[in-house]
Structures are given as C-alpha cells and as structure tokens.
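In my numbering, the protein residues as written are 924 to 1321.
Below 27 Å or equal to it, Euclidean Cα-Cα: the simulated BS3-like pairs (lysine-lysine) are:
#, residue 1, residue 2
1, Lys1017, Lys1000
2, Lys1303, Lys1274
3, Lys1157, Lys1084
4, Lys1196, Lys1127
5, Lys1034, Lys1196
6, Lys1013, Lys1000
7, Lys1196, Lys1274
8, Lys1034, Lys968
9, Lys1127, Lys1108
The hints are simulated quantities; they were obtained by calculation from the structure and are not laboratory data.
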Amino acid sequence: ACYDGNGSNFGTHPQNVLRGMIYDSKTWEYPYLYNLIDQYRSLEKYNNGYAYNMMFVGPGWMNKMGRWEAPYELLVKSYSDGCRYYGDLKKEGKLIDLTMSEFADYYREKKSYTEPECALWRDILYGSDKQLFWYCDPYMRAGVNMDQGGAIFDLRPYAAKLNWPVGIGTKHIQDASYPFLIQEKYRAGYFTHYAGEGTIRSAKICHGGEEVDLCLTRTHAHFSEEKLTGTDGKSVPGARRILTLDPVEIEFHDLTITLQTVMTFEEGSGEIKIERRILSMSDPNAEVEIREYMVACYGTTEYTEDMTGITLTVTDSHGKDKSLHYEYKCREMSENDAECVEAIIPQIATKVSMRATEGSTGIIREGYAFSPMFTLGFNKIVKNKEVYATWLRLEKAD
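All chains, full assembly: derive it from the sequences and hints.
Here it is in structure tokens:
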C-alpha cells in the first residue's frame, strides 16, 4: 500500500495517520483512518474471505513524557478512537481479534502452501484513483500498475528459495531484502533517459513507424478467480487469479485500435500469462506489431550489481539456440519463429524465461555499464480481433 508514498500514510496505527497529517486540525477528526481500515478489510474479496490488519500500539502513546508530533490530547483521542472502531467491528461480528500466535494457527489452518496473497489496491488518499495489484506466493512476488497499462513494476523470484542470512558475521549485515528482477523505484522503470527503459515488463504497439508503450496508458482492473480446492477446502495448484484490465485506445496518425490486457496467475506454476486482445481497429484490414518485453537485472538497492556470468538464450521452434554471455557490450540476438527466451542469473540462482504463441520473433539483449540491464522479448504482427499471449516464468536455476 505504501509503495508510492510515506509509510505513515498507509499504516492503520492511528499515530501514523497523525504523523502523515491526514486529519482536520480544527476538529481533530480523521475519517481517513477508518476508510483505510475498511480498505484493508476489503482485501477479503481477493483472498478467499480472509483479510488481516493490525493496530500495533501500546499505552506508551499516552505517556506525556514522549516526543510526539501532535498534541498529547490528540494522541489520546486517536488511540481511543482507533481501539473503539475495532471494538465496534468486533461487536458487529465483522472482526475477530487474535494474538499473533493465535493468528499463526488460524493462518495454517485456512491457507495452503501454494495459495497466494492478493491485493487490488486503490488510492483513496491523493485523489488519483490509481490501482496497484500485488500477487505473492512461494514462487514470486509481482506488482502490477494500472497507471502504466498493467506493467509489472516489481518482480521477486521466490522460486529460487535463496539462503539469505542476515546479520553480523554474514554477507548481509543489514540488508534483509529479497533480490528483485524488476524494481522501478531502484532501477528507473519506464523510459527515463536516452539509455531506454529501466526495469519493467510491458509491451509496445507499433504501426507505420510509430510506437506507443502501454506504460503510457491509464486504466483500471477487475479481479476474478477460477477456484480449485482440495478435499480440505483449501486452494490447490491450478487455481487461477485473473486480472482483467479495462480496454485502452491507442492512436496512430492513420489508425486507432482498442486493446485489452488480461493477466492470469496460475497457482503453483511460477508463471504469469499475459494476453493482448485487439478488440477493434478503425481500419479492420490493418496490422500492428506487438513488442512484448521485459527489462530486468538483479539487486536489492539502487546500486548496480555485477552482471558478469548472466547467460541470455533464445531458442527456436526446432530446439536450436543462441546465447550471449553478459559482457556489457549491448549486443543483441534474435530468432524468427522462436519458442523461448531466457536469462540465467547464477548470482541469485534464478532462471527467468518468456514464451509466446507461435510465429513470434524472440529477442535477447545485454546492456552496458550506464544501463546494466538485460532484455527478453517477443515481437509479432497481429490483426483485428486477434489475441497475442506470452508467458513469464520463474524457476530455480540448476
């Protein structure tokens, strides 16, 4: 929730809301606090009827000796009002209060190992109506931004199951972050300078020498499920969480197309299916090229890591492949009628690959010192009413 701003703006601890100055300074009222709690409660729609929220506060907040950002009387009022709101929800049968150990028991009983946590989150603070979608399971964490046409802006390869010790005497004294492949805040995201894209997973639509990146489109998404449960009632591999985006219009100088994106997350697969559906064209006989791409690297901070040792491979439909061993030379290879493009990143024991419907041109590209990324992609010419599908997959590298 706090991806795009101060964490105090998205914490249901009442003093966080005060620290974020999200209250009426004259009346000392804070409707946003209650709206935010309700927004967390709404996540049950995406998680099989369960939502979790915590107000981690203690009576120390009512200590007059503290160093607080608001008047003491307001602190006491917010603490009391916050507890009262949760208490009222409990009386109405809308909330169960649990200790952390009790919650752990509940979680184990309700959730299966492969069942994901999902959140379709809408901005209710800044007035943008922006939506983000988060998907997290044992194989990946992915963030999708509807303000960038459904681009994946954060991707973590949990499938690698890294042993990442943290603390004194380890290689990671303070940094407990799991490495990313895509992270737009640390690696620029959509196009920012002449070096091109930072890390992002998106698509470009091309026609008549013009190019439009879907990152430049604004849309909203709708969540649905294809449920599959075991005898114990828990979700099992094969169940699907589907994100259907509202169609967007893309205008070229002599053509307007309506395109819809549908993203499918199949439980237990470590894979994301992305469909681009051409719903209409102002010229039904026209063609456009869809260039699906993923720009990625690895790291945990904004500082680049050594990409030496990464291998990029494109494989054709007959099983023949071409490979690049990363040398920061900005080299590129392509293959017509490609079956798969992949990168193996030994530093984080990760294999990331893309495949596409037949008749696609596969592309691999290394970066250089100023833009130390790699690119995997597929290009294909499509016509009106056609659907172009690609799959992104995460695996542990052997």
